[in-house]
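So the sequences go chain by chain: D and E.
Using the numbering used here, read the first sequence as starting at 1 and increasing by one per residue.
Using the numbering used here, read the second sequence as starting at 1 and increasing by one per residue.
Honestly, I wouldn't trust all of these hints.
Quick list of in silico lysine-lysine cross-link-like pairs, PhoX-like style, CA-CA up to 20 Å [to be verified]: (1) Lys88/E <-> Lys9/D; (2) Lys39/D <-> Lys139/E; (3) Lys9/D <-> Lys92/E; (4) Lys224/D <-> Lys88/E.
Calculated directly from the structure, the hints in this document are not laboratory data.
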Amino acid sequence: MKSKLNLRKVYLTILMLFFYLPILYMIIFSFNSSKSLTKFTGFSLEWYESLFTNSTMIEAIYYTIIIAVIATVVSTIVGTLACIGLSKSRKILKRFVEQVNQLPILNPEIVTAIGLMLFFASLNIEKGFLTLLLSHIVFCIPYVMLSVAPRIRKLDPNLLDAAMDLGASPSYALVKVIVPQLMPGIIAGALIAFTMSFDDFVISYFVTGNGVNNISIMVYTMSKRVNPTINALSTLIVVTIAMVMFVYYIFDKKSKVEKK
Amino acid sequence: MKLFSRLVHPYVVWISIFVLAPMLLIVLYATTTSGNGTLTLQFTADNFIRFFSDELFINVLINSLEIAVITTLICIAIGYPAAYFISKMNAKQGAILILLITLPMLINMLVRTNAWIGILSDNGVINNVLGFFGFEEVKMMYTRFAVILGMVYNFVPFMILQIHASLSKMDKSLVEASNDLGANRMQTFLKITLPLSMPGVISGITLVFLPAVSSFFIPKLLGGGSELLIGNLIETYFITTGDWNFGSAISLIMAIIIMFSMYLTKKVDKGGRD
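Please construct the entire structure, taking both the sequences and the accompanying hints into account.
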């Protein structure tokens, strides 16, 4: 039994090293004083400096965040409303929406990407901020709906009737009764939408233009040459995500303790 | 509640415009000649004939499928034991490990792939370590090995999480019953645990195979030009050469192959369980 336990530990440790060593490596080399990605020549903040003085980089970070925020807000609202509506609509409509919603999820991203690219081109919409934003909303909504739908199914169907019997208008009942019940699903959906949008490369790459780039596209174009600025940028992203997760973890723990 | 059902109508219009129309456009482009006006559509099968009559394209297709299948198999081989071990741990440790596996997934795939370049390159970490022990330098960057490694690195968490989800849903008393009835551990695993975790393996396969077969930045970043996959082909025809008709045909062929293999996987799964 003892040796079995060790095998498990060794295996999982190696796996974790596999996951985290490349990230650690990247962080270390973001502080390298030379351009080399293989020899550590000394500590410096050179690449962070060049990151913050590079205007295209700052722009890409700006676009990534602003698009992720707008896409998250829009797709969360539209997705939630559509989901609520769907639960009350006819079977044919339900099936239709469910099937079409599967397309961006089951199709390879590159297919969704070129579909949207062809679509914008055939309508003569110039590629840029608008096309990028619209595309992000397109692929975020199905994920929001996927996480809201199970909550709706668990909803008590009498809840709405009760609210309206007590004199609530439909919109009041929606905002004050239905939506709060769905909140955990909505928040989870919004989080998924945000990370999907923030990390997206394939779809963004095909539908953007006019110098509007996000972080992923910058990494892709920059990685053709050796450029440690990417490491600096990536390190900042990793640190941000780690901090967000940490705060979330603490928050989660606290709320669980309070519930007990 | 007719009132609320109206809430979905704008969304039906939305998906018809932004999801259905683009898909139909791909089919339209794939089946028409280039340089068409909207009114003078010329339908043709030339794009498909061109693809299947050129050895180069067929080889790219076979190469993509090969790499995707190898990646998927490696992901099962690495992911299954990991998920199995985690499901055997106590709940708290297991939850921490699952969190540790999920965390890197939140980091941009390009960023994570990019991190491997310095490790795999000719004078990178691995070769330095090998050199230190007196081994010869191994060329890893811009090889098939690097591409598969990059894919496994990016996609294996999906496999682990899916298998773990189905293993943790499993009724533990079945294993106990099997043990009580005199089955040894191997028998219990093969007859109880493995079949019950199959749905997780199947959805893991979907989540790994799909992005692997269509990936284009991993082969580009880690494979250089050495490994041309179907995703790279699509990128070239859309971004570089601008031959959208042929590019659409390639994507359509890829989408159909993927759908067919998903169908097969599900079929095999069902057949195996009957």
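Problem set entry | Violations among the numbered hints | Per hint list: single violation, 4.
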